[in-house]
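What follows is the residue order along each chain.
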Amino acid sequence: MGGTSTEKLVIKNKRLDGRKLNEMRKLSIKAGIIPNADGSAELALGETKVIAAVYGPREVLPKHLQKQDRAYLECIYDMASFSTPERNRPGPSRRSVEISKVITEGLAPAIFLEKYPKTKIDIYLEITNANAGTRCAAMTAAAVALADAGIEMRDLVASIASGKVDGQLALDLAQKEDNFGEADVPIAVMPRTKEITLLQMDGDLTKEELQKIIQMNLKACDEIYKVQKQALKNSYKGASKNGE
Amino acid sequence: MGNKVIKKYLTELLSKDKREDGRTLDSYRDIKIEVNPIIRANGSAKVTIGKTEVLVGVKLDVGEPFPDTPNQGVLISNAELLPLASPKFESGPPRPPAIELARVVDRGIRESKMIDLEKLCIKEKEKVWMVFIDIYPLNDDGNLFDASALGALIALKNAKMPKYDEKEEKVIYEELTKEYLPLTEEPVLCTFYKIGSSIFLDANKKEENEIDCRISIAVTKKNTIAAMQKGEFGTFTEKEINSLIEKAIQKSKELRKFIK
Chain A
42 MGGTSTEKLV IKNKRLDGRK LNEMRKLSIK AGIIPNADGS AELALGETKV
92 IAAVYGPREV LPKHLQKQDR AYLECIYDMA SFSTPERNRP GPSRRSVEIS
142 KVITEGLAPA IFLEKYPKTK IDIYLEITNA NAGTRCAAMT AAAVALADAG
192 IEMRDLVASI ASGKVDGQLA LDLAQKEDNF GEADVPIAVM PRTKEITLLQ
242 MDGDLTKEEL QKIIQMNLKA CDEIYKVQKQ ALKNSYKGAS KNGE
Chain B
1233 MGNKVIKKYL TELLSKDKRE DGRTLDSYRD IKIEVNPIIR ANGSAKVTIG
1283 KTEVLVGVKL DVGEPFPDTP NQGVLISNAE LLPLASPKFE SGPPRPPAIE
1333 LARVVDRGIR ESKMIDLEKL CIKEKEKVWM VFIDIYPLND DGNLFDASAL
1383 GALIALKNAK MPKYDEKEEK VIYEELTKEY LPLTEEPVLC TFYKIGSSIF
1433 LDANKKEENE IDCRISIAVT KKNTIAAMQK GEFGTFTEKE INSLIEKAIQ
1483 KSKELRKFIK
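Taken in order, these protein sequences are the chains called A and B.
In terms of my numbering, the first sequence is residues 42 to 285.
In terms of my numbering, the second sequence is residues 1233 to 1492.
None of these hints come from the bench; they were simulated from the model.
No incorrect hints appear here.
Taking lysine-lysine pairs in the BS3-like style, the calculated list, with each CA pair at most 27 Å apart, reads:
#	chain 1	residue 1	chain 2	residue 2
1	A	270	A	156
2	A	108	B	1437
3	B	1236	A	156
4	B	1471	A	235
5	A	159	B	1320
6	B	1351	B	1492
7	B	1239	A	156
8	B	1471	A	260
9	B	1454	A	248
10	B	1479	A	260
11	B	1479	A	248
12	A	235	B	1479
Between the sequences and the hints, there should be enough to build the whole structure, so can you do that?
This is how it looks when you write it as structure tokens:
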């Protein structure tokens, strides 16, 4: 948002990458890709690529962070230096600190944290290639990695960002649409109960547009949910074949 | 955070549409505004909501624009959760809560295009005005979000440009002109808090300690939404969000009366 572009982003209801307004980019998820981690997943949403790894429940360090009645959850969202057009300085930024916070808060409702008192669950999310929607892709991947780690959950969390481009509402914004569009609304939801666990918005939208985008996002999350479940099933299939 | 006994008590109280201080669920505590209390700042405001007190200062300087917006001024927002404002704050570099507070306030201002940043360009690619918003809570008794956003809005509205010596290409910080910042919008932030299934405005600290989640909504003068942010571990339903968007638009009209 905030940028200016003379380029048209939507021509005859088609977007720059050829998608329709209500069409999501191709989503693929693979669970169990990092042998050292307790759970992991790799996700590609179009050109946006994320790797998620879960370590834990494990010992809390430093000890004073330990919670007597539940697990201490921490997600770290990080963009690889080569993931963006201009090199991104490695290490945390104010943006990544805020995203890590909202992602942690968006995944926590899905986890039975109270089943793992005095432990820590770490979720590491690395964006290896960024083409918008990275926080949502990271959460979708994180949920699969958590399930892959065998952590008890109420539900998975599915996430997507939609917005307004050239005056029209569009599902799953790509980079130029995010940079030069009029609004961006990332959402995460527990698809089974439809409880919204993350919601952010920036741009300029009327009440009606905003409500419509939320609805669009929730519908898309049902589709993402199917891909997540399939990824988990596939990983178990692989496991039995290898005799694990 | 959290005390099970207090949480149970507040959940029951709120479910009967009651609050400990006698307020309704959708009312704010008393709001008081002090304009330009800080002489050294270009613009400043002290906002008091109940016992919550926030001091916001705006400082202007000249610097280089970002490469992707060579003809626009720069906006930078920061919040310092000073240990003097709460026994829970510690000194040191900003932690996630301070960063989130600053970024949520910033987002409303930036996305509503409140400041006409193009008018802050002095020489394209080289020199632009930089607007620094610094948020200093003085006493945290809950709802720092709305107090800080209101403070930032009023501080910006009352900020005067310092003198700029074009020959020397220097800012003369001591001399303020009569010119105000070029502003186009007035985004108002409304934050809703949820405990159990009750949703209410302007949580005090006792309530805020027990919330399941919150959502901040920035509303423009033309009643559109410029920014939103959900926080903390709980969840909202789509129906709740839809009704809160409407409530935020209504409530923002009331808060606008405090803008000076």
